[in-house]
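Heads up: the protein sequence lines correspond to chains V and S, in order. So for the first sequence, the working numbering puts the first residue at 1; every next one is plus one. So for the second sequence, the working numbering puts the first residue at 1001; every next one is plus one.
Bear in mind the hints are in silico, worked out from the structure with no lab data behind them. Honestly, I wouldn't trust all of these hints.
[Claimed, not checked] One-sided and incomplete, this derived list gives chain S residues near chain V with beta-carbon spacing under 10 Å: (1) LEU1089; (2) PRO1137; (3) THR1140; (4) PRO1167; (5) ALA1210; (6) ARG1285; (7) LEU1331.
Here the structure is a predicted model, which is why all the values come from computation and not from measurement. Even glycine gets a Cβ: it sits at the ideal position worked out from N, Cα and C.
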Amino acid sequence: MHRLLFEGLARNPLTEPRPAMDDAALAQLAGSVQRAARARLGRSLSIREVDAGSCNGCELEIHALNNAFYDLERFGLRFVASPRHADVLLVTGPVTRNMREALERTYQATPDPKWVVAVGDCALDGGIFAGSYAVTGGVSAVLPVDLHIRGCPPRPVDLLRGLLALLSANAKSP
Amino acid sequence: MATLIDMFPEPFSVEAQRPWPRLVVSREAWQQAARELARGEAILFGLWGDTAAVHMAMLHEASGEILVITCECRDGRYPSVAATHPPALRLERAIRSLHGFEPEGLPDPRPWLDLGFWERAHPRASPSPKEEDRGGPSRTPYAFLPVEGESLHQVAVGPVHAGIIEPGHFRFTANGETVVRLEERLGYVHKGIEGLMQGATLARAAKLAARVSGDSTVAHALAFAQAVEAAVAASIPERAIFLRALMAELERLANHLGDIGAICNDASFSIMQAQCGILRERVLRAADACFGHRLMMDQIVPGGIATDLAARGGAELDALLAEIGRLFPSLVSLYDNTTSLQDRTVGTGKVTPELARQYGAGGYVGRASGRSFDARKAPGYAPYDRLAFDVPTLADGDVNARIWIRIREVEQSLSLVDQIMRSLPSGPVRVELDATGDGPREGFGVAEGFRGDILTWVRLGADGLVSRCHLRDPSWFQWPLLEAAIEGNIIADFPLCNKSFNCSYSGHDL
C-alpha cells in the first residue's frame, strides 16, 4: 500500500480542469435560483441521487464523477446519503409508477430551498420508455424540474457542466 | 440422461425455433419436466408467459444443450413448476402478476413486480385487460413473510438507498445484530420493456434491449441480436463477430474493475476504489475512442455492429492493456496482503455449491460456489470457439471468492482483448437484415454478460416487427441466493454481500 501511496504523490494528478460552462443550462436555471438560496448555501451543494426507474446507465456515469479524473468534491459538490441532508435531488429514469410515491416522499423529505435536476433522456419525457403502462413519463410529470441534463447516459463531463451551472447560477443570482 | 429432448417422447408439436427446438407438451410432461429440474437432471434457464401459453427453457449443463418446452394455458391455468422446483417461484409469481395466468399449486401467490401502483392488474394479459379489472392502483398492503420469536426486530431498507444505486426494498429480521432473515421486494424499476417490445421495429427493439440493464448494455444487445439473427437464419460478417466479442470483454473489464473497487470500499478500504476507479475510467475512455460511446450502448444491432472500430482503436487498446497490465497486479497483491480487508471478506456471505447449482446461478456468483457454467463455452458462440480462455471457479462461495473470480476474469478478459485484436478479420461489419417472412419465426440468443448468462427469446411477425420478446437477466437466479448468503451475518455486512453479488435491479424488474 505504501508504494501505491508514494507513487500517487510522485505523479501528476489525473484530475482534469473544470469544463466550460453550459450556457443552455445556465439559461434554464436563471429563474429558479433565488437570493435566499445564495445566502444560505454559498457555493456548496449537497446532492441526493434518486434512481426513479433508470436502466442504471446514468448511475454508472454519476458514479464516475467521484473518480480521480472528475473529482466532483473539489467544486463543493458532494453526494449525501439522505434527502434530509440534500439541496439537490438528482433524478434519473422515466419515473416508473412503482417509484413515483418513493420519489415524491424523497422530495418532501428534502428541506427548502431545493432543486431538482433530471438526468438522462428518459428522465426528460420518458424517452424510449414513454407510453408504457408502467411509467409516468419523465421527472417533470411528478416534480418541478429546474434543470435537465440530456444524454443516454450523459457523459460525466456533461453532468459536471450541468452541476457547475447550478452552482454558478446559485452564486450569481442577484 | 442422454439428451433433454428424450424426456419428451411424444410432444404435441415441434415449433420451428432456432437454434434450439421448442416442444409443445402435455400438462403431464410439463410436470415431469419440473420433477427432472428438482432432481437436478437439468437447470431451469428461463420461464416466461406468452399470449396463451407458458414457455420454459431448460439447460443440460454438461453438454450445453438447451430445450424449450411449452405448456398451453387452458382457462388461463397451468401446473406450477415452483411447486416442485423452488427456483421457479419468482418467475411464476411474475407471470401471474403480469399475464394473469394461474400456476396451479404455486406455493406463494403474493404478487411480484406488481407493487399495486399500476392502473390495472395483469397489464400484459392477452387480450388486453379492461381498466375496470382493478379500478386503479391497488392499496392492499404487501404481506411480508411472518417472523415469530423473542428479541427479533425488523429493519426496513429502501426502495431509496443511501448510495448511488438502484431502488429495491429489503426487509431484515435481526436478532441483535445477526440477520435471521432477509426478504427482498423488487419491481420498483419495472418499466414494462417486454410490453414495449410488442410491435416494435427491430431498430427500436434493439435500443430497448440495450436499456434492460445499463451495465450490461453490450451483453443484452448481443443476446437480442443473436436471437433475431437466429430467427431469420442470418449470418453476420466475421469482423462484426469479433468486434462484438471485443465490446463484451471491454464491458466485462469495466464492470469487474468497478466492482472490485466498490466491494472493497464497502469494507471501508477506499484506496482500492480510487485505484480501480482510475482503471475503470480508462476502459470506458478506450471504449469511447473505439466505438464512440463510453458504455458502447446501441453499438450491437441485429445484422452486425453500428460502427466499425475507429482507426486509432488498435493503438488505444494497446495502451489500455499496457496500463492495466502494469497497475492491476499491484492492486491484486494489495488485496491479497491486507488482512484487515480480508477479515471482512473471508467467510462473509456464503452461498453453498448446492444452492448455486439448484438455482443455476451464473457468473461470479455461481463460479465462486463451484458452478463453472459459462455461456461462452457451452452452448458457446462465435468467436469464443477460436479464442483461448479459462473459466475460473472456486468453492468457498464467500465475498472473498467472488472478488477473486472477478480478479481472474479481469486477467482472462485482458488476454481475450489481446487475442481478438491480433486475429481481427477485415471486411464489412454489418449486413442488412430482411426480417419479413411468410409467418412468425422464433429465435433464441444466449450471451455471457459480466454478471452471467443472459437469455433472449424473440418471435418476429411476418411483417418483420417483434411480436413477442422475453429478456431474462442472470439476476433472476442470483437475487434469491443473496437472501441465503446474508443469513447469520451481521446487518453491517449486508452492503458488502450485496455489492459482491451486484445483481441488477433494472435487469430483473424489466
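Practice task
Starting from the hint list further up, note which numbers the structure goes against and sort them upward.
Solution key: Structure breaks hints 1 and 3.
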